[in-house]
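*Asks:* Guided by the hints, dock chain B onto chain A, whose structure is given.
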Amino acid sequence: MITELPVELDPSSWLAIANSASETDVHRAMATTSPDEADFAALVSPVADGLLEDMAQRAKHLTESHFGRTISLYAPLYLSDYCPGGCAYCGFAADRTQPRRRLERDEMIREFKALKAMGFEEVLLLTGERSPKADFPYLSDAVAEAAKHFSAVAVEAFPMTTPEYRELAAAGCVGVTLYQETYEPVQYQALHRWGPKRDYANRLDAPSRVLEAGMRYVGLGALLGISNPMFDTLALYRHARLLRRQFWQSGITISFPRVCPQEGGYQPPFLVDERFLARIIFAFRICMPDVPLVVSTRENAKFRDGIAGVGVSKMSIASRTTVGGYCEPATSPDGQFQVIDDRDVATFFTALRAKGLEPVFKNWDRVYNLGLI
Amino acid sequence: MNVDNKFILGGQEFQSRLLVGTGKFSSVEVMLAAIKASGAQLVTVALRRFNLERPSDDLFSPLVRLGVTLVPNTSGARNAAEAVRAAMLGRELSGSRFVKVEIHPNPHHLMPDPLETYEACKQLAKAGFIVLPYMPADPVLAKRLEDVGCAAVMPLGSAIGSGHGLSTAEMIKLIIADSGIPVIVDAGIRAPSEAAAAMEMGCSAVLVNSAIAAAGDPVAMAAAFAQAVKAGAAARQAGLMAQSGHAVATSPLTSFLAGIPA
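For the protein sequence lines, the chains are A and B, in the order given.
If you're matching positions, the first sequence starts at 1242 in the working numbering and goes up one per residue.
If you're matching positions, the second sequence starts at 10 in the working numbering and goes up one per residue.
Check before you lean on any hint, since a few could be wrong.
Stated by the list, open to error - One side only, chain B facing chain A, incomplete, derived with CB under 7 Å:
#, residue
1, 36
2, 56
3, 66
4, 95
5, 223
Calculated directly from the structure, the hints in this document are not laboratory data.
For glycine and all other residues, C-beta sits at the position ideal for the given N, C-alpha and C.
One chain only, chain A, in its complex shape (with noise of 0.2 Å):
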């Protein structure tokens, strides 16, 4: 069953803009100070690629009215690599061979006390689809533990009902990030070949439903890479925009993760380069100054050091994407992802600094995590 993308959400008439824009349109796309789809659309265009430090200059003017000379700090912590899915492009898919685990709660709070001597205040907890060895009750327990370690916790796992929300804000959680991985709905079921991931309309409704739940924030993004990069931008732009109409106490945060080819894995059909990533990084910054955008350590130190403070607001560093990683020292490379910049704390704060930026670990307090609504 192939559910279409809503109307609302469809790029289509966008995706034409977007591959016919003049030089001209992105001009005037960055002189605007009040930016539409139109805009968003020639930001992105391939004629964009020849305007790329134009958009730079101004991404960074707009990154620093906003945040500052600051880069906020989050780690991601794999609670569990469970997986019932059975998504192409992932390593922890229900087909790898790797033997399986999740932390057990002492298990758990050696992570936290190993991430909070490096000094980070948010944590992203992260399961893979719901498995009867990580449900709702193991990851809700995991936020609650958590929330008393850490300033912010935020978890990024499988789509959950709205009560279920409620519950996990009411533990302590203030963000949810959740990829829609594709917005193209063919591509989409044809890369979750089975499980609970199939169900595309349930995880593109996901995002509204953590609002309603009263949740600080939604973190969205695509998976860039495995369908076509400029539809799934387009699309993803979308979404922000409809989540802040319809949920205007809510914050949105969006993230670019990347597939890059690797030797005997994945393969992505589309080539999503550094000067693409970084177009649309500068598009989204410039048409949502107030958004904070996020890169994780996917991606190699140069390219960090260089989107940092310019159209990025918020990292990762030193992360472990192996469940345990942060106290077990690397026993097997089989993380969810490959760890590009594998920098530590000190060196990528050197790097931060030696720009102008300073990294915050704690910008959150949890005498705000209380009074939802």
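*Replies:* Just chain B now, kept in the frame of chain A:
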């Protein structure tokens, strides 16, 4: 401006009429140097940037050492209940009775919620805080906040971080005209000339953060703001000459009244 030309908040007199914020700086060292250069005596700091567990990431402790009066703010609160709780915690951690009430339910444009701000200020003033509310530039709300015991009102010049200056100037003038408490313009100021303009208009003080933190040279910009605020206040005190928009008619218009006893 107060008749006796003093800037008094919560019973304390302050010499500097420039308040500064502490977010968005490229390093704690730059922030501290900028505050020194600004001569500010009142400094706002977000409770969420308090990190007593980790001094290297903490904004609070270095400010204490600087000897300024801290004004914890409730940035992050979406409603009155959260702001009140944050204020209580801020007072406990900082020992300061000052609080800048910031309630912005929309995390993107950060516009203050007038209803929740009013409710929080009412409760906090009762609880003995020196309450400084960040508020929309609304003259009626300003009087309402004065009535519930706020020590000052802080209408926005334009959106936080926008650098759009005093786009609410006409409303701010109405607030000043009726206010029995200091009016401090907060948010939106980009250039020292705008801070001077706010002071000339009759504001008691100005709060600046982004314009200093995001300047090419934050320390030099802080010093420039200090001078501008002083110049604006002095100009206000000196009395600006009246604006004249009309040419004086060569033939008097009231000659027909000549000879009639006044």
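*Asks:* Indicate, hint by hint, whether the structure satisfies it.
*Replies:* A quick look at each hint next to the structure:
Satisfaction of the interface hint for residue 36 of chain B is found here, the shortest Cβ-Cβ separation to chain A being roughly 5 Å, below the 7 Å cut-off. Hint status for residue 56 of chain B: holds, given a least beta-carbon distance of 5 Å to chain A, under 7 Å. The interface hint given for residue 66 of chain B holds, since its Cβ lies 4 Å from the closest Cβ of chain A, which is under the 7 Å cut-off. A cut of 7 Å between beta carbons decides the hint on residue 95 of chain B: the least distance to chain A is about 5 Å, and the hint holds.
With a least beta-carbon distance of about 5 Å to chain A, the hint placing residue 223 of chain B at the interface is held under the 7 Å criterion.
When the structure is compared with the earlier hints, no violation turns up for any of them.
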